[in-house]
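Colleague: Below are the chains, spelled out letter by letter.
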Amino acid sequence: MTTGLGATMVRAGRRLLSSLPALFGVLVFTFLLMRVLPGDPAVFFASGPNAGKEEIELIRKQMGLDKSVPEQLVFHLSDIGHGNLGRSMMTGQPVLKDLRERLPASLELTFTALLIALIAAVPLGVIAALRPGSVVDHGVRLFCALGVCVPTFVSGLLLIYVFYYLLGLAPDPTGRIDVFTSLPLQRTGFLSIDFLLAGDFEGWWAACKQLILPAVSMALFVIAPLARITRASMLVSLGSDFVRTARSVGLSWRKVVVTYALRNAILPVITIAGIVFSTMLGANVLVEKVFSWPGVASYALDALLSSDYAPVQGFVLLMASLFVLVNLMVDICYGIADPRVSIE
Amino acid sequence: MSKELLRIDDLHVAFSTRRGMVEAVRGLTLTVEAGEMLGLVGESGSGKSVTGFATTRLLDAAGRVTGGKVLFRGQDVTKLRGDDLRHLQGAAMSMIFQNPRAALNPIRAIGLQIADAILTHKRISKDAARAEALDLLRAVHIRDPEARMNAYPHELSGGMCQRVMIAIAISCNPALLIADEPTTGLDVTTQKVVMDLLADIAAARGMATILITHDLGLAARYCRRIAVMERGRIVEEASARTLFSAPKHAYTKRLVAASPTATSRIEDLVTEEERERYATVVSKPRQEPAHGTPPLLEVRKLAKRFDQGSAAVADFSMTMAGGESVGLVGESGSGKSTTSRMICRLIDPSEGDIVFDGQSIGHVASRDFHRSPLRKDIQMVFQDPNESLNPRFTAFDCIAHPLMRLDGMRAGDALRQRVEECAERVGLPLDLLPRFPHQLSGGQKARVGIARAVACRPRLLVLDEPTAALDVSVQAVVLQLLDRLRRENDIALLFVSHDLNVVRMLCDRTIVLRNGGIVEQGESRALFDNPKTDYTRKLVEAIPHIETGEVLAAAL
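Protein sequence lines, in the order shown, are assigned to chains A and B.
Numbering-wise (numbering that gives the first Met the number 0), the first sequence opens with residue 0 and increments by one.
Numbering-wise (numbering that gives the first Met the number 0), the second sequence opens with residue 0 and increments by one.
Mixed in with the good hints there might be a few duds.
Listed below are the simulated DSS-like cross-link pairs for lysine-lysine, each with C-alpha atoms no more than 25 Å apart in a straight line [what the hints assert, rightly or not]:
(1) Lys208(A) <-> Lys288(A)
(2) Lys68(B) <-> Lys78(B)
(3) Lys121(B) <-> Lys254(A)
(4) Lys254(A) <-> Lys78(B)
(5) Lys125(B) <-> Lys254(A)
(6) Lys96(A) <-> Lys60(A)
(7) Lys66(A) <-> Lys52(A)
No lab work stands behind these hints, which were simulated from the structure alone.
Between the sequences and the hints, there should be enough to build the whole structure, so can you do that?
Modeller: This is how it looks when you write it as structure tokens:
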């Protein structure tokens, strides 16, 4: 067992190393992309439309934009090497600080959404696979189709309309917590966890209430791929020889379905869940906008619209690194779940 | 002493398919006595496995028992539900399956899988179940059982997996064991070890066993009584000896004739009418190559190492004359397929050279060899006729493809003529040419594969287990076809097989491989009659022959 785990770790380390060139590529590509986009940031950030030429020149010099593009790239890379992602012109703060403040909000939202999606999708997929062609199966299919068809901002607005406006169950959909609640000591940055650690259950409940609607509207969108994959791989698993063996020795129904069929069927679901998570991280800008969620995606969008280079570059680098990390996690999970993987 | 354990009475099983209900078993009646080993023999599609599944209630959702009874100790199995059924499965009757590796849960340690079966039927602690599982692994002769308890199926060989499967099946001492093709796909030597083990265990524990197999020789070796199935019915049931010495039913006769034995010749394998065309060719004498002509194929010190470093093939040398047939035999992992692929130039050798008709081709990269003018001289027939045909090509396209690629022919009348001629040579009816592979039977697909290989009139045909996936009666016809093609067209055959009986009949010379090296070689008949090495002797002895009267009498 230990050797298997060790092999998985070695493999994961190798994967991490091999992804470094890709990260570097992303870095350079985003940098160049930002330079070819139209719009002059110096003009944008000058004090006003009447700013004189000298003022703009000064700002340009401050931002280092008077140098040639290759020179800028070298400076940019060396800055990143020193852990400096630059300063946002919008907020006036270092990008690293901005991202550090906002990333936990995005991660908390995405993790919760993925958890909700998995909790819903796996049982749905299993039920559908156990009775293929039945009413349940078609019901699941319909539900999944609806989830994919409705864009997240529409489902988000619908949820707000029903649960906030009509029923009044949800708090007003603005931000992570209402302004009057005192924030707990920041430990993980995940409000729901920090409140728990601080022992403030009232605050915890308030944070959860804020979280639930945006998370559900995001989850709805990804339940479909997860449930379909679960169903398909569960069907294969149920029809396989080893499930027949399990039935032939009279194992209980639960044991056959859960221990034999589902544990094998869950393997591809792990892979898909990793991909889904990465997409969600990047794509949750819509949800963040609808629910005024102070996450990194909306931050990056605002920066992009105002030609603020540094935050966009920082955001892309962050996403790329997260993508690598998530894939790594998937690899490790897979290695633990499937003893065949660690062999190669 | 004989006590009836299982009685199948007029059983009907039907499957719902897209084309409506299809009856797989139609009125089967059979009895099994306690402690006996019964052989249930038939070709694919005869309904023998379905009978096994119906008895153990493992039919998949599409299949259902539409009539008749399966009485196990007087109780109708087909009507059991819920807990009664679960107490039957595993505890009273259990089953062993064909593909042992697929039949075990790939991500659960084998010790746990055995313990699962034990815990289902006995109220004991997990530790006690584990101890019992360990005992079972010892009982099925698994070396180092303590360490193997935590092994996963992919870490074990096929034969080992089948032993684990046997351990699971006997874990609760069932009274009836149904073994569905338990050794198909295993090496002959492994097959013998596993079957001996199964027979010993069944005898020691007094279990009745139904051995479902397509291999008459295997059934004859281990069963006293054999039932022959054809199209969902039992056509004949007799003691093994009677069945082989005096088969009554026409189907049994054909089956017995088609099963290769130690002494049979290719022409014996089929009945009179199928033999007719063949006989005229056989009479044609083989012209001996003139003295001093260079060999068609010369292989010098061929070696292949894969990435892991160990040599799959090492120091392999051989020569072949035109029109000669050479057999390449050995257990799986002996390197015979690797060797044949190198000779076909489908993979590159690590060392050594291959000289074909005076030209060195060993150094032409395999990915470039398709441009070589010699490509059409060396052709291959693959093991699985289902997998080796493009499912979107009709039989015509399959045969025409090499003609267009290698002979540069264009679509048109000339091509159509050549394809039809090829089909005729391999005995493929012309009206089958527009069909797709899934619309053809196994034997017809094998013919398409052969027609495709001989379309460009190659001088060397490499065959990798061409009949392993075929029923014996189809195998007989295909073997005859290959032999005829060799004689008619002077094609040299390199025949890779684990079936020694077939090699003995078809090949002039035989090379025995083990762990990538040549163990023994020589003229086929002499080699098999008088093996010089222990390894070859073990291989030869492991072949299940249809034994003659006196051997069987001695066993009784």
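Colleague: Each hint: holds or not?
Modeller: Okay, the hints, checked on the actual structure:
| no. | hint | in the structure |
| --- | --- | --- |
| 1 | Lys208(A) <-> Lys288(A) | holds, 18 Å |
| 2 | Lys68(B) <-> Lys78(B) | holds, 9 Å |
| 3 | Lys121(B) <-> Lys254(A) | holds, 15 Å |
| 4 | Lys254(A) <-> Lys78(B) | holds, 23 Å |
| 5 | Lys125(B) <-> Lys254(A) | holds, 15 Å |
| 6 | Lys96(A) <-> Lys60(A) | holds, 24 Å |
| 7 | Lys66(A) <-> Lys52(A) | holds, 17 Å |
Consistency note: the structure conflicts with none of the earlier hints.
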